[in-house]
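Enquirer: Each chain, written out:
2 protein chains.
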Amino acid sequence: MNAESKVRLRLWLRLLRATRAIEVRVRERLRVEHGATLPRFDVLATLARAEEGLILSELSERLMVSNGNLTGIVDRLEADGLIDRRRRNGDRRTSFVSLSEEGQAVFERMAAEHERWIDELLADVEAEEAERLSTRLDGLLAQVEAHS
Amino acid sequence: MNAESKVRLRLWLRLLRATRAIEVRVRERLRVEHGATLPRFDVLATLARAEEGLILSELSERLMVSNGNLTGIVDRLEADGLIDRRRRNGDRRTSFVSLSEEGQAVFERMAAEHERWIDELLADVEAEEAERLSTRLDGLLAQVEAHS
DNA sequence: ATCAAAAGCTTCAACCTTGAAGTTTTAAGC
DNA sequence: GCTTAAAACTTCAAGGTTGAAGCTTTTGAT
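In the order they appear, the protein sequences are chains A and B.
The numbering of the first sequence is the working numbering, which starts it at 8 and goes up by one.
The numbering of the second sequence is the working numbering, which starts it at 8 and goes up by one.
Honestly, I wouldn't trust all of these hints.
Pairs count within a copy or across copies, as identical chains cannot be separated in the list.
Derived pair list, reagent style EDC-like, types lysine to aspartate or glutamate, alpha-carbon separation capped at 16 Å [stated by the list, open to error]: (1) LYS13 / ASP82; (2) LYS13 / GLU108; (3) LYS13 / GLU135; (4) LYS13 / GLU133; (5) LYS13 / GLU115; (6) LYS13 / GLU35.
Source of the hints: derived by calculation from the structure; they are not laboratory data.
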């Protein structure tokens, strides 16, 4: 293995560690302050960004999780009254999902706090630096996704 | 919420997406080519780096997962003969864990491929760029960990 | 119109993950 | 020495996660 591969490997390990560190803290907060989990929050956030709603498979693609996984999470969110589920375009295969009124309200409260937590956690990252890093991670994502 | 917090939020979201994208691909490869999972690989990798071995709680801290979680993973790795478990310093509370000979061999094979996969996935990231990003993520991790 | 293939879900078993509660063992204070 | 606190695990229930297998519905090719 050449030296470049070591450097890339290190990048991947750091990426994973940094992400996990933040993830652990966000999970904890979501649980303690909202009785929520990260996957549930992610689903609500993705729906909130989608305006109209999404079919399940679109949701699973955006979240990068399996379809089977989403079935369960969405089941529970629906049971809790946070999302609505209906058919789309008369296609009887699809499950079109959107935020309920309550889901919208609940999400907005969580999202505002979530933004605050991240702002606190990353307080020492200058805006410019954050911008730069974001751009690079975006590029990185694009490259990774180009591989199949 | 001010503009800076939006930028930081975006950074976090990008971090998460990039990490997940890589993670999904690594998981798939580990499964298909080695019948392994990421958590198992992570445990082996951490032990391989530790030379002597580690007690469970040290392992859980490094991996940023709960103690209860590790019990199960380590149970299965032990059952598969990849790791050894014994007492340390006569302390009968601790579970001191290390790679078995087979575990060492299995890990080395996986690690070499893992490095290759990452090298392929991140092929378009220049070494210098990777270096820079790593350093920044390291700083970011330190800042996050400073928050409790 | 027919029928094979694809799309969209759901179900399932196995594993991962968590935090809370409980057990055993060690350390600390008196 | 005794007793309380702390440390290190394990167990457990609930939820998340996956890929494989299976079901229904739609699409596309003929």
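Enquirer: Each hint needs a verdict: does it hold in this structure or not?
Expert: Hints, verified against the model:
no.	hint	verdict
1	LYS13 / ASP82	neither (43 Å within a copy, 31 Å between copies)
2	LYS13 / GLU108	neither (50 Å within a copy, 25 Å between copies)
3	LYS13 / GLU135	between (28 Å within a copy, 12 Å between copies)
4	LYS13 / GLU133	between (28 Å within a copy, 12 Å between copies)
5	LYS13 / GLU115	between (42 Å within a copy, 15 Å between copies)
6	LYS13 / GLU35	neither (33 Å within a copy, 21 Å between copies)
The structure fails to meet hints 1, 2, 6 from the earlier list, while all remaining hints are met.
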